[in-house]
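Protein sequences, first through last, are from chains U and L.
Heads up, the first sequence is in the working numbering, so the first residue is 4 and it goes up one at a time.
Heads up, the second sequence is in the working numbering, so the first residue is 4 and it goes up one at a time.
One or more of the hints may lead you astray.
Identical copies look the same in the list; a pair holds intra-copy or inter-copy alike.
[What the hints assert, rightly or not] SDA-like, lysine to any residue: derived pairs with alpha carbons at most 25 Å apart: (1) K23 to E96; (2) K23 to E59; (3) K16 to E59; (4) K23 to S121; (5) K16 to Q57; (6) K106 to S71; (7) K16 to A128; (8) K16 to G86; (9) K16 to K98; (10) K26 to S71.
Treat the hints as calculated values from the structure; they're not laboratory data.
2 protein chains.
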Amino acid sequence: MSDSPHTTSTSHKAINFAEKLGKFDSLWSPKVIAEMNDYQFKIVKLEGEFVWHQHEDTDETFIVLEGSLNIAFRDGNVTINQGEMYVVPKGVEHKPIAEKLVKAIIIEPRGVVNTGDSDKGDLTAENDVWI
Amino acid sequence: MSDSPHTTSTSHKAINFAEKLGKFDSLWSPKVIAEMNDYQFKIVKLEGEFVWHQHEDTDETFIVLEGSLNIAFRDGNVTINQGEMYVVPKGVEHKPIAEKLVKAIIIEPRGVVNTGDSDKGDLTAENDVWI
């Protein structure tokens, strides 16, 4: 194959979730796989309980690829199963809980920190890590 | 169950893609299932060839839930299979082609018209239709 400018076909490549998920094991550590305008798509593996936090300036979308994710709110909770999504509204305190391993996609604006406004340093993942 | 303000648990509900897909049959007719800030998640059924078009102001994300979607570009093409996604950059002419039925999620800002800048009136779907 040639990189010549005369090549008539460019290789565009889809992003495969399973392939990306196979590249890391760390929990609660979102990895960026794509950007759309100023939003990022991140894949993540979750197991156990996260911390209560909120994102003051933005909604946050979860799409579950495998497993069953529970998100606790101060007034209830939601269970997101494989093939389902949920949008956590901005400013709403929430606490993700994964009894067993969950593989999910998170969609939110570039720059959002996983622990939001909380000060739980240990769980604050490095931001903007691509995989 | 009561709607009393004293209820201690609110019913939050995940959005199930299969359930939403079961509610319509029309092709090339995106239905909104959720919003995140000023972005919309739309599910769509595609079969056949769409028109060449572009979205001057925004990227557009495709996540394939079932089937295999081809998107032609002027300089090549991409195949997006089940479990894969692709972000079409803004301003890039593209033509979705589904040899067989494809079920997919499209993510883009509220207000984006499916045919973009093209004037193919027959294929221009009503916008902002929720399901």
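Results of checking the hints against the structure:
Proximity of K23 to E96 under the C-alpha cut-off of 25 Å is found in neither arrangement, the shortest distances being 29 Å within a copy and 27 Å between copies. For the homomeric pair K23 and E59, neither the shortest alpha-carbon distance inside one copy (29 Å) nor that between copies (30 Å) is at most 25 Å. In this assembly of identical chains, K16 and E59 lie within 25 Å of each other by CA distance solely across copies; the values are 22 Å between and 35 Å within a copy. Taking the closest pair of Cα atoms, K23 and S121 never come within 25 Å of each other, the shortest separation being 28 Å inside a single copy and 35 Å across copies.
Only between protomers do K16 and Q57 lie at most 25 Å apart by alpha-carbon distance; the minimum there is 19 Å, versus 34 Å within a single protomer. In this assembly of identical chains, the alpha carbons of K106 and S71 lie at most 25 Å apart whether taken from the same copy (9 Å) or from different copies (22 Å). When the C-alpha separation of K16 and A128 is checked against a cutoff of 25 Å, the pair qualifies neither within a copy, at 28 Å, nor between copies, at 28 Å. With identical chains, the CA atoms of K16 and G86 are at most 25 Å apart both within one copy (23 Å) and between copies (13 Å).
Proximity of K16 and K98 under a CA criterion of 25 Å is satisfied inter-copy only: 16 Å between copies versus 35 Å inside one chain copy. Taking CA atoms no more than 25 Å apart as the test, K26 paired with S71 passes in both settings, with 21 Å inside one copy and 24 Å between copies.
Consistency with the previously given hints fails for numbers 1, 2, 4, 7, ordered from lowest to highest.
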